[in-house]
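Enquirer: The whole structure should be built from the sequences, with the hints applied where relevant.
Top line first, the protein sequences correspond to chains A and B.
Its first residue numbered 2, the first sequence is counted upward by one per residue in the working numbering.
Its first residue numbered 34, the second sequence is counted upward by one per residue in the working numbering.
FYI, nobody ran anything at the bench for these hints, they're computed from the structure.
Mixed in with the good hints, there may be bad ones.
To be verified - For lysine to aspartate or glutamate, the following EDC-like pairs were computed, each having C-alpha atoms within a straight-line distance of at most 20 Å: (1) A:K43 x A:D87; (2) B:K93 x B:E75; (3) A:K43 x B:D35; (4) B:K101 x B:D88; (5) A:K58 x B:E41; (6) B:K85 x B:E109; (7) B:K93 x A:E104; (8) A:K58 x B:D35; (9) A:K79 x A:E104; (10) B:K89 x A:E104; (11) B:K93 x B:E49; (12) B:K93 x A:E54; (13) A:K84 x A:E2; (14) B:K93 x B:D117; (15) A:K43 x B:D127; (16) B:K85 x B:D35; (17) B:K101 x B:D35; (18) B:K85 x A:E104; (19) A:K43 x B:E41; (20) A:K58 x A:E45; (21) B:K101 x A:E104; (22) A:K43 x B:E75.
As the list claims (entries may be wrong) - So the derived label-pair ranges between C-beta atoms look like this: (23) B:P43 x A:T77: 17 to 27 Å; (24) A:L116 x B:T61: 37 to 47 Å; (25) B:Q78 x A:I61: 17 to 27 Å; (26) A:R23 x B:T103: 39 to 49 Å.
Just so it is clear, the structure is predicted and the values come from calculations on it, not from any experiment.
A virtual CB, placed ideally from N, CA and C, is assigned to each residue, including glycine.
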Amino acid sequence: EPEVTQTPSHQVTQMGQEVILRCVPISNHLYFYWYRQILGQKVEFLVSFYNNEISEKSEIFDDQFSVERPDGSNFTLKIRSTKLEDSAMYFCASRGTSGRINEQFFGPGTRLTVL
Amino acid sequence: GDSVTQMEGPVTLSEEAFLTINCTYTATGYPSLFWYVQYPGEGLQLLLKATKADDKGSNKGFEATYRKETTSFHLEKGSVQVSDSAVYFCALSDNNQFYFGTGTSLTVIP
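Expert: Listed below in structure tokens is the structure:
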């Protein structure tokens, strides 16, 4: 069964450094998403992406964040200058355009630790 | 705006006990409803879903019925196992976003 994959599974970085989190969505999906979950808290929406542009973003997704689909398979989240409060689990998700169109498929997540 | 309110935990049950985790939602349209499960150290896994009123989602002995009249999607299992210990998230989708509840931690003791 096709699945969303994410790399790395765990990233440790120093405050102020740039990080890029990578996701490979399901191959025929066209809508892509990033969510984050701070430890012990709920999952929060960051951004949605369709047709090579951001379609929606939350207040959390400020100028430090950017997303890109650099090729036909990868979908990346970049944090330009990490802060301690960026430490969280980051989930990528994708969905298709037919059938049960509301279902998003989630990746296993990348745990980001900012020191 | 759309939102999900979920029963707070943690919940501790003995093996073979009956489980209910309450979830209610607020939505302007006709959302789809989901339960996700997160086992320790892992990501989100879809447990079950329902896309319209009166639909019942079921998987691994868990069930939830989409109740439009009470705007609820309560999760139930008749007999829990130790392996069901995890955090359970209720969520709704209005096409372009998911809205998650705060999660309910379940611990099942032998």
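Enquirer: Decide, hint by hint, whether the structure agrees.
Expert: Structure-based check of all given hints:
1. A:K43 x A:D87: holds (14 Å)
2. B:K93 x B:E75: holds (18 Å)
3. A:K43 x B:D35: holds (15 Å)
4. B:K101 x B:D88: Within the cut-off at roughly 10 Å; holds.
5. A:K58 x B:E41: Not OK: K58 of chain A and E41 of chain B at ~27 Å, beyond 20 Å, violated.
6. B:K85 x B:E109: holds (18 Å)
7. B:K93 x A:E104: With a Cα-Cα distance of about 19 Å, the restraint between K93 of chain B and E104 of chain A holds, given a limit of 20 Å.
8. A:K58 x B:D35: Since the Cα atoms of K58 of chain A and D35 of chain B sit roughly 15 Å apart, the hinted pair holds (cutoff 20 Å).
9. A:K79 x A:E104: violated (25 Å)
10. B:K89 x A:E104: holds (16 Å)
11. B:K93 x B:E49: Distance of about 14 Å is within 20 Å: holds.
12. B:K93 x A:E54: Violated, at roughly 38 Å.
13. A:K84 x A:E2: Given pair K84 of chain A, E2 of chain A is violated - Cα atoms ~37 Å apart, limit 20 Å.
14. B:K93 x B:D117: holds (10 Å)
15. A:K43 x B:D127: Between K43 of chain A and D127 of chain B the Cα gap is close to 18 Å, so the pair holds against 20 Å.
16. B:K85 x B:D35: Holds: K85 of chain B and D35 of chain B sit about 16 Å apart, inside 20 Å.
17. B:K101 x B:D35: holds (14 Å)
18. B:K85 x A:E104: OK: K85 of chain B and E104 of chain A at ~13 Å, within 20 Å.
19. A:K43 x B:E41: Since the Cα atoms of K43 of chain A and E41 of chain B sit roughly 12 Å apart, the hinted pair holds (cutoff 20 Å).
20. A:K58 x A:E45: Given that 20 Å is the threshold and the Cα spacing comes to 11 Å, the pair holds.
21. B:K101 x A:E104: Status holds; Cα separation ~19 Å.
22. A:K43 x B:E75: It holds: about 15 Å lies between the C-alpha atoms, which stays within 20 Å.
23. B:P43 x A:T77: 17 to 27 Å: Distance hint for P43 of chain B, T77 of chain A is violated at roughly 35 Å.
24. A:L116 x B:T61: 37 to 47 Å: Holds - the Cβ-Cβ distance for L116 of chain A and T61 of chain B, about 42 Å, lies within 37 to 47 Å.
25. B:Q78 x A:I61: 17 to 27 Å: holds (24 Å)
26. A:R23 x B:T103: 39 to 49 Å: holds (42 Å)
Against the hints set out earlier in the document, violations occur for numbers 5, 9, 12, 13 and 23.
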